[in-house]
Amino acid sequence: MEEKINLMTQNLFKDGSMNKPVPDGTKANKGILDVQSLSAWYGKTLAIRNISLNIQTQSITAIIGPSGCGKSTFIRCLNRMHEVSHGGRTEGCIMLDGKDIYGRDTDPVVIRRRIGMVFQKPAPFPTMTIFDNVASGLKLTKFWSRRWELEEVVERSLRQAALWDEVKDKLNQSGASLSGGQQQRLCIARAIAIEPEIILLDEPCSALDPASTLKIEDLMRSLVSEYTIVIVTHNMQQAARVSDMACFFLMDQDKAGILIEYGTTSQLFTNPKDKRTEDYITGRFG
Amino acid sequence: MHRLLGQGYARRKLVNGVMLGLSGAAAAIAILILALILGYTLFRGISYLNLDFLTQAAKPVGESGGGMRNEIFGTLILVGLGSLFALPVGLLAGIFLSEYAGPKVAATVRFMADILAGVPSIVVGVFIYAIMVRPMHSYSALSGGVALAIIMVPVIARTAEESLRLVPNTMREAALALGITRWRAVIGVIIPGAMTGIVTGIMLGVARIAGETAPLLFTALGSQFGVQGLLKPIGALPLQIYHYALSPYKSEQQQAWAGAFLLVILVLGISILVRWVSNRKRM
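Which chain is which? The protein sequence lines are A and B, in order.
Going by the working numbering, the first sequence opens with residue 3, and the numbers climb by one from there.
Going by the working numbering, the second sequence opens with residue 5, and the numbers climb by one from there.
For the record, the hints were derived by calculation from the structure and aren't laboratory data.
Model, not experiment: these values are computed from the prediction.
Each hint should be verified, as a subset may be incorrect.
As the list claims (entries may be wrong) - Selected chain A positions facing chain B (in silico; Cβ < 10 Å):
1. Ser-87
2. His-88
3. Cys-189
4. Pro-198
What the hints assert, rightly or not - When the alpha-carbon atoms are kept at most 35 Å apart in a straight line, the in silico DSBU-like pairs for lysine-lysine are as follows:
5. A:Lys-277 - A:Lys-123
6. B:Lys-236 - B:Lys-254
7. B:Lys-108 - A:Lys-141
8. A:Lys-257 - A:Lys-275
9. A:Lys-277 - A:Lys-257
10. A:Lys-144 - B:Lys-108
11. A:Lys-123 - A:Lys-46
12. B:Lys-108 - A:Lys-257
13. A:Lys-123 - A:Lys-172
14. A:Lys-217 - A:Lys-170
15. A:Lys-123 - B:Lys-108
16. A:Lys-46 - A:Lys-277
17. A:Lys-217 - A:Lys-141
18. A:Lys-101 - A:Lys-144
19. B:Lys-108 - A:Lys-46
We treat Cβ as the ideally placed atom computed from N, Cα and C, and that holds for glycine.
Chain A on its own, in the form it takes in the complex:
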């Protein structure tokens, strides 16, 4: 079944019905994530079981499912943040451009530079100014950067995150002085400042009001021409609005998360193959 889905999505992208125009093709074939039979544990507790899926480049993949089904654990595995949690451990592999990110010689720090992440709760560094927050990824990975270089990156990132007009006159104020929605866009700007290929968003709007949520959704749509985006969301309407591909997670009898269905968003929401997916999206549980 999995192969069928892959085939189907590939066809879909080939005939161009879903794909976005690629400006110069430089990033077209980069940032391909292929998850192969991934399981993850917290200590002895299995959190997700044997998940395989192929994430399309330059598209938004939404992960939906009820609470506790391992969505966040799964997305944290994608840039090796799961192992930062206490007792976090994984099996299986995730191929990024054909190379296993869990390979022996792979440095998680390098992986996280290529696969950025934005968390549920806006977390700007409170001791830093808005400018330094955006520049922090660059400043703290290099020994030294030129000010004008940073200024360029900061402005570009803030513009991309649709925050520039709101903060351009107060770049030296603390990041904590912004509203929740602005803080979250600041975190997105901070993530794209290091020019990752893939951006992971772990329920980025769950702490935000509807207006800010809409702004973040617009932002995702504008970023997808350059980045591959994976988003975990509670909110099915949000998944339906923003994503190109969607996957549905559920707990199995051992309370470990499993992948039930993966397909294009329109197919998953209008014509789900699995009964459980249908039950969930029609609101019968969860």
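Given chain A, work out where chain B should sit, using these hints.
Only chain B this time, still in chain A's reference frame:
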């Protein structure tokens, strides 16, 4: 009367009142003692404190005047040396405890640090005497500094750890997710977030060692010749107070009071500064 209030109600109410009164009285006594110590020291000391006390060296018995300039200077050097040695060790140990150690290792190291903090300071003095003063054949400012550092390390390590732990985990994760290495995240994100707590810990450590006498008895020793270098004996305020307070001469006893006054002001000042720094954080 309500049936629940019946049996023994009056007695319970009385016991409650008595216990409340006792604990209140105990708190009042504790504050009173502090007020007496501070008040008496300040009262006795301030009359003997003058410019000469701060700017002149000690004079031999029988000559009037003289001061504790050398000892004040010596205390500054000893506390400086102690801080110089204790700061890197204490800070790094605190960082290790909070950021790197697993729960079991952290619990063990924390326990050890607490034991070290509880070692009587005279024992630290004897220990340094055995491992530094004897082999080097001389009492020295250096060995005094090391002895003070040993007392200071656990204070800094534990307060640094506590304040680093207060930095929310979301900050660590946010930094790591940017592809920042653990160490750079600690330097660039975690430590700035814990700065007020760390500074507080350092000042508490300084206040703690500034008044220590016992570890200096067999290490810094005290000196009648002023500051002669780090490898020679050196005077310190608490040492001089100790010697002068036991002296039969009135003039020396008076100087001891003035010295005590100065020391109390120093430690009190640091404590107030600590309050100020840690209060500022909350605003």
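Structure-based check of all given hints:
Among the interface hints, the one on Ser-87 of chain A holds; its C-beta lies about 9 Å from the nearest C-beta in chain B, closer than the 10 Å criterion. Restraint check, His-88 of chain A versus chain B: the minimum CB separation of about 8 Å is within 10 Å; hint holds. About 7 Å separates the beta-carbon of Cys-189 of chain A from the nearest beta-carbon of chain B, less than 10 Å, and the hint is met. Hint status for Pro-198 of chain A: holds, given a least beta-carbon distance of 8 Å to chain B, under 10 Å.
Taking the CA atoms of Lys-277 of chain A and Lys-123 of chain A, the gap is about 33 Å. The hint holds against a cut of 35 Å. Taking the CA atoms of Lys-236 of chain B and Lys-254 of chain B, the gap is near 29 Å; set against the 35 Å cutoff, the hint holds. Using a Cα cut-off of 35 Å, the hinted pair Lys-108 of chain B and Lys-141 of chain A holds, with the two alpha carbons roughly 34 Å apart. For the suggested pair Lys-257 of chain A and Lys-275 of chain A, the alpha carbons sit about 22 Å apart, so the restraint of at most 35 Å is met.
Restraint check: the Cα-Cα separation between Lys-277 of chain A and Lys-257 of chain A comes to about 19 Å, which is no more than 35 Å; the hinted pair holds. Our distance criterion of 35 Å between C-alpha atoms is met by Lys-144 of chain A and Lys-108 of chain B, whose separation comes to about 34 Å. Restraint check for Lys-123 of chain A and Lys-46 of chain A: the C-alpha separation of about 27 Å stays at or below 35 Å, so the hint holds. For the suggested pair Lys-108 of chain B and Lys-257 of chain A, the alpha carbons sit about 29 Å apart, so the restraint of at most 35 Å is met.
For the given pair, Lys-123 of chain A sits about 23 Å from Lys-172 of chain A by alpha-carbon distance, which is consistent with the 35 Å threshold. Distance check on the hinted pair: Lys-217 of chain A and Lys-170 of chain A sit about 18 Å apart at the alpha-carbon level, within 35 Å; holds. Between Lys-123 of chain A and Lys-108 of chain B the CA atoms are separated by roughly 30 Å; this keeps the pair inside 35 Å, and the hint holds. For the given pair, Lys-46 of chain A sits about 31 Å from Lys-277 of chain A by alpha-carbon distance, which is consistent with the 35 Å threshold.
Annotation: proposed proximity of Lys-217 of chain A to Lys-141 of chain A holds, straight-line Cα distance about 28 Å (limit 35 Å). A C-alpha spacing of about 25 Å is found between Lys-101 of chain A and Lys-144 of chain A, which places the hinted pair at or below 35 Å, so the restraint holds. For the hint linking Lys-108 of chain B to Lys-46 of chain A, the alpha-carbon distance of about 18 Å falls within 35 Å, and the restraint holds.
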